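J.: Sequence:
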Amino acid sequence: MARINLVTLESANPEQKALFDAIQAKLGIVPNFLKAFANSPAALRAFLGLHGIAGEGSLDPQTRERIALALAEQNSCEYCLSAHTAIGRKAGLDNNEIDANRAGSSHDAKAAVAVGFARALVANMGEVTSGELAAMRDAGYSESDIVEVITHVGMNSLTNLLGKAGRIDIDFPKVELKLAA
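Each residue of the sequence shown is one higher than the one before, counting from 0 in numbering that gives the first Met the number 0.
Hints are supplied without guarantee of correctness; some may be wrong.
[As the list claims (entries may be wrong)] Taking lysine-lysine and the BS3-like style, the derived pairs with C-alpha atoms no more than 30 Å apart in a straight line are:
| # | residue 1 | residue 2 |
| --- | --- | --- |
| 1 | K16 | K177 |
| 2 | K89 | K177 |
| 3 | K89 | K109 |
| 4 | K173 | K16 |
| 5 | K173 | K89 |
| 6 | K109 | K177 |
| 7 | K163 | K173 |
| 8 | K89 | K25 |
| 9 | K109 | K16 |
| 10 | K163 | K25 |
| 11 | K25 | K173 |
No lab work stands behind these hints: they were computed from the structure.
These figures come from a predicted structure and were not determined experimentally.
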């Protein structure tokens, strides 16, 4: 059971209802983690804004999902792992790729560098090495791409924190963590 209240359509105030209507129109559902964010409409708007802007960048949807999968596993967030497994499949990732992402890599050589860089950012609280940055550039990532990977790490870390702190009820097909918490 969730440790942070999930705002429902029935309990939502007019501002929360308007946000839910916009989410429903875009996604077809209002996932539970967004219902938790809705306790603070300002926090929900901030997340939706960041998510929308981050989706407009140069990173392809598959790489964004690879990063989300790697971090959900690394950060032991079962909610996010379940959500991004479903989203990753819709983005075209197969089970072998999802397993590689969860292990911190990819079958795509360029994407493997981005996934490794994302994990290093989390593991080292942003203190990546010059070599890790050079590897990103050598793999063909621009400065813009590097900043976008950092942005996705921040956004996924935020949702991982909410998912874990709130023990948000999983409303996607449940996927078990492989790594120890």
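J.: A separate judgement is required for each hint: does it hold in the structure or not?
T.: Okay, the hints, checked on the actual structure:
1. K16 to K177: 37 Å, violated
2. K89 to K177: Holds, at about 22 Å.
3. K89 to K109: 21 Å, holds
4. K173 to K16: Holds. K173 to K16 sits at ~27 Å (cutoff 30 Å).
5. K173 to K89: Since the Cα atoms of K173 and K89 sit roughly 16 Å apart, the hinted pair holds (cutoff 30 Å).
6. K109 to K177: Distance of about 24 Å is within 30 Å: holds.
7. K163 to K173: 15 Å, holds
8. K89 to K25: It holds: about 15 Å lies between the C-alpha atoms, which stays within 30 Å.
9. K109 to K16: Violated - the C-alpha atoms of K16 and K109 are around 41 Å apart, more than 30 Å.
10. K163 to K25: 25 Å, holds
11. K25 to K173: Holds. K25 to K173 sits at ~23 Å (cutoff 30 Å).
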